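Could you slot chain B onto chain A? The hints should help.
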Amino acid sequence: MPSQKGKELPPSSPEYQWVASVIRSVEQRTGSPTRWNKQVFEELDPGVLGSAHADGTMTVSPSMVLDPVRQAYTGGRPLTNDENYRLRDAAATVTHEAVHLSSHYGDPTVPGAHPTHDPAGRALEEGQAEHWTHRNLDGVIADVGLDAAQPGVLTQPSMDAYPAYTSASADLNSALAARTGQSTDEIATRLIGTERAQRWNAAADMVIDQRLGGLMPESHRDAIRAQVVAPARAEFEKLAAVVQADKSLNSAQKTTLAKDAASRAISGMDQAVGHAEQHYQNWYQQEAARQAPQQAAPQQAQQTTQQQTAPQQAQQTTQQQTAPQQAQQTAAQQGGPQQGSPGGQQRPEPVHQGQAQATNRETPSTGQAVSPEVVKLRAMMSGGQAPASGAVHVNGSSTDGARPDRNGQSAAQHATRTTKAPTPERG
Amino acid sequence: MDFETVDTQVRALSDSLRGADQATITAEVERLKGLAALIPDELWRARAMARAERLPELITGPAPGTSEQFERAVQLQGEAASAQGSTEERIAVAESAIRAIAELAEQAPAREAGTILRMNSSLARLIEELQLEGRPG
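Taken in order, these protein sequences are the chains called A and B.
Just so you know, the first sequence maps onto residues 1 to 427 in this note's numbering.
Just so you know, the second sequence maps onto residues 1001 to 1137 in this note's numbering.
None of these hints come from the bench; they were simulated from the model.
What you are looking at is a predicted structure, and each value in this text was computed from that prediction instead of being measured.
Do not take every clue at face value.
As the list claims (entries may be wrong) - Below, computed lysine to aspartate or glutamate pairings styled on DMTMM-like, alpha-carbon distance capped at 20 Å: (1) Lys259(A) - Glu195(A); (2) Lys259(A) - Asp1021(B); (3) Lys247(A) - Asp1002(B); (4) Lys238(A) - Asp222(A); (5) Lys247(A) - Glu1103(B); (6) Lys259(A) - Glu1057(B); (7) Lys38(A) - Asp143(A); (8) Lys238(A) - Glu1057(B); (9) Lys247(A) - Glu1079(B).
In isolation and in its complexed conformation, chain A is listed as follows (with noise of 0.2 Å):
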């Protein structure tokens, strides 16, 4: 049986007090609390370098981890460059190994988590650990001391062990990160940290956060998660038995492959966002449209002022977390409906697959700003009158690529606005 757990290592052993410094290393860099239950054990299966068990335990090879790490320590004598090259792969088992001790399942059984064992969540999951190992590899080293004994062991190159799961996870974080303003490695701590069971629905609330804060509402978010999860998760899925399996591909082509399919994952998830975006777009126009005639002449005196101010607020709207406070002082100066009113207010219904996604003739411009009144109908929203709740399905025809945001900026041009550099846009 494979992953043999042999003679178990003393805790006050050099070996056992390495691995746990690597562990500890992990924990720390991840933000995750470690489930490794202190014990480590010597591997006893000659095919496997190492292995991190579901009960929170650590297997290592004795030959090929612990004897490099010996003599890397105690050798009295620097290593040459294959001897650093095998003591970076021992390090990289290690390290690989102790991010997925730090990644927990989590309740695959709960409403809207999603399977951890599948081969969607397999690939993600060592994907996102190896990528995650290679990035932070040369800082675990240092961590644990390994450079101060032997300074080339950093000098090393690494290898890819997992060419289809590791650039399709480095493609997603690459593209999550230029949508919410993140770095790559922030996006990889969030994503090693989530439980696996929420994994995929923390990769659609970035998309869904940048684009429909303060539009969507919260009742909704679990429908719209299912739908922008799917693209992705189907991209994930086939990574296993159609890129990695398949025979006719070298591992560079696989790589190619396998960002292709991020690529596919994240404009799936674009759309979704997209298709909703939409919706509540047009609910809100229309709804706007419906009270209009309601309104009062002195209103229509401060409507006007409001005007002239609204592409400022629409602007700010959209940005993060700050279009309840704004919306809800327009709503109060405009003497409209007052928050906590009670209903009577129509509510946007959900949009079955199959039905015509826009009844309003309007396409949304990729430029136009947010009226008025919809500002005024956010308020509404934010105030406690929810729209109904149900599942919202989104019609996901549409052929179109990654939508631009309700200001009408690339994905790539916002993460330009909010932060950082300009980012060359990969999907």
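Positioned in the frame of chain A, the structure of chain B alone reads:
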């Protein structure tokens, strides 16, 4: 100048230079090494130098192996990870793949053997998960 400053720039550039031409990347590596050279502590200076030189690999991701054995091992990992059938059948496929991959590692160039064997960790994990799923209760 300190290591954190260099590392922060390396990480940011590894994002922003995706798709950049080699000349640009090379120029940034040299600039970062110039910064690293200013770090007074020898150990941290060496770490910063190595980190600066890691930039190209961080931008593209590390390359996979190229040997025949590496390519075959990748295929076997993918086949085992996506195998269908009963739990027992899937475990058998994964165990067979682990054996085959271990043999490939012995035949492969020395510098690819370790990475080839690392693939088996994912299959060992797969087997354990399947065994746990198959347990009653």
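Violated hints - listed by number, lowest first: Hint check: 1, 3, 4 and 8 fail, others pass.
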